[in-house]
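Undergrad: Listed here are the chains, written in short residue letters.
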Amino acid sequence: MKVRAIVNFEYPASLTVRNKIREAAARGKRVPMEERGRIAEVVVGEELDAPADLVESWLANGYVQAVEVGNGTQV
Amino acid sequence: MALKSSADVGFLLLGGKSVLAAPLKTINETRERLMEQSDGLGDSDDKWSPVGVGTFEMTQEGFFDSGTNLYHQALEAADPQVLMYAPLGNVIGDHLTGLSAVRTSYAVLPARGAFHKANATYRAETGPEKLGNTRITAHHVARTTAGPTDTASYNWLASSANGGVGYLGVSALTLGGYTSVTVAIRDSTDDITFADLITFTAVTAAPTAERKTVTGTIDQYTLTRHTFNGAGTGQSITFACGLGRN
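First to last, the sequence lines map onto chains X and P.
Going letter by letter, the first sequence gives residues 1 to 75 in the working numbering.
Going letter by letter, the second sequence gives residues 1001 to 1246 in the working numbering.
The shape of chain X in the complex, shown without the other chains (with noise of 0.2 Å):
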């Protein structure tokens, strides 16, 4: 889904690296920050095809925002 970001943020670019944290939050554990590999930055106004795995977050803590809907309706 592309998306704008509405303020700026980060996250690890690897989907290997966000399972990997994922799984360890299940655990109980966590992931230290020098094994998160590359973080991709995003700035406000940033247009982005959004990680699926991700999305959803951004969508619910107000990260960002849709830009096409379904059809491709611009919003």
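It cannot be assumed that every hint is accurate.
To be verified - Quick list of in silico lysine to aspartate or glutamate cross-link-like pairs, EDC-like style, CA-CA up to 16 Å:
1. X:Lys20 <-> P:Asp1190
2. X:Lys29 <-> P:Asp1190
3. P:Lys1117 <-> P:Glu1061
4. P:Lys1025 <-> P:Asp1008
5. P:Lys1212 <-> P:Glu1125
Unchecked claim - Covered stretches of chain P, as calculated for chain X (at least 3 residues, CB under 8 Å):
6. 1148 to 1155
7. 1182 to 1196
These aren't lab readings, by the way, just hints derived from the structure by calculation.
Beta carbons: idealized from backbone N, C-alpha and C, even for Gly.
Add chain P to chain X, keeping to what the hints say.
TA: Coordinates of chain P only, in the frame set by chain X:
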């Protein structure tokens, strides 16, 4: 049982000045809820009711040390200054006492055949936040990377909705050609996507300290980021950060 001793005291920063090494001998931190006697005629026992007002007082006893940015200079300051005190350890997630404190009394005590001692008492101008809700988000240590560099994240186990207060205490700084250092507390709902929560005023000199409030939701995970701005070499910043959630 998890007993703590004097060796566990992590740091005490007064306006950014690190004064534990004075050395301090005793820190006495007292939090009190004011009560008023509320029984009346005919009551057979006394009753006490909380007025809804809390008081805070901290006393310190140590050796008089007139060195630059040490105990004497820290205690001499009469204006309110940010006080950060880690009684249980210098680890991310450990308890922190943070407040804007006014030093109300300062006694220098020379005595025959002994080192001079210096005692002080502080009361709160603003704060502190509840002890259990205030944690170290960056432990007090020298950091030499130009950054952006993140500390380990801390899991608060749940988000909170009523804002909070961030604390930054910088005890030493070598810019090495850089113009300033930006320190920020960031938060995240999932330990994956982090956004700035509190960005402190860019630091250009040490010692310094800042107390900054934030409103609204604070997410479950937090970390602290420092970034040297500009260009240079041989940089170093020694700071601690804390967050108190309302």
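Undergrad: Next pair to validate is Lys20 (chain X) with Asp1190 (chain P); report whether the Cα-Cα distance is within 16 Å.
TA: Cα-Cα ~12 Å, so holds.
Undergrad: Can you confirm whether the C-alpha distance between Lys29 (chain X) and Asp1190 (chain P) stays at or below 16 Å?
TA: 13 Å, holds
Undergrad: When you check the alpha-carbon spacing of Lys1025 (chain P) and Asp1008 (chain P), does it fall within 16 Å?
TA: 13 Å, holds
Undergrad: With a cut-off of 16 Å on the C-alpha distance, tell me whether Lys1212 (chain P) and Glu1125 (chain P) pass.
TA: 14 Å, holds
Undergrad: Please verify the coverage claim for the stretch 1148 to 1155 of chain P: does it have three or more residues whose C-beta sits within 8 Å of some C-beta in chain X?
TA: Our answer is that it holds, as 5 residues pass the Cβ test (under 8 Å) against chain X, meeting three.
Undergrad: Can you tell me if the stretch 1182 to 1196 of chain P counts as covered by chain X, using C-beta to C-beta distances under 8 Å and a minimum of three residues?
TA: holds (count 8)
Undergrad: For Lys1117 (chain P) and Glu1061 (chain P), compute the direct alpha-carbon distance and say whether it is at most 16 Å.
TA: 7 Å, holds
Checked against the numbered hints above, the structure breaks none of them.
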